[in-house]
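Build out the structure end to end from the sequences listed, making use of the hints.
Numbering-wise, full-length UniProt numbering puts 52 at position 52 of the sequence shown, and it's gapless, one number per residue.
By construction, these hints were calculated from the structure, which means they are not laboratory data.
Be careful, since some hints might not be right.
What the hints assert, rightly or not - Derived pair list, reagent style DSSO-like, types lysine-lysine, alpha-carbon separation capped at 30 Å:
(1) K95 to K114
(2) K30 to K2
(3) K81 to K95
(4) K81 to K30
(5) K73 to K95
(6) K10 to K23
(7) K114 to K73
(8) K23 to K5
Since the model is a prediction, treat every value here as computed from it, not as a measurement.
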Amino acid sequence: MKQKKLETRKRELANWLQHRASKFSVRAQKWVFVISVSIIVIYCINLISGDYIINRLITFEKSNLRIDTEMIKARISYIEKHLDSISETQNGRFKVDSILLVNPGLLDSMARWKAELERLETP
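Right, here's the structure in full:
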C-alpha cells in the first residue's frame, strides 16, 4: 500500500516538474540542471570533507571566558545612580515604577550580581 502511494507521489511530482519545465526554453532547462547539479555536488563535497558549517561546533575554552567585573560594577552603579536621580521628582518616580513593572527582577538581579562580584573579589 505504501509502495503504491509512493509511486503515485513520484508520478505526480514528475508530472508537475514536466509541466513547469515545459514553460522553460531548452537553454533555461540546461541552466537549471547545471545549477542544481552544482549545488548538490558542492554540498556533497562539503559533507565528505567535514568542512560544512553545520558540522563545525563553536567551542570556547573556559580559561578564556573571564568576567569583566569592573565593567559590570560600573554598569550596575550607573543604573543605580540613574534610578536614584530619576526618582527625585514625582514624574520620575512614575518612570521608575514603570521601568520596574516592565523589568520586575531588575533590582533583584543587580543585588545578586553585586553579591556575586563581592564574593569573586574576596580571596
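Check: Which of the numbered hints are not met once you compare them with the structure shown?
Finding: 2 and 4
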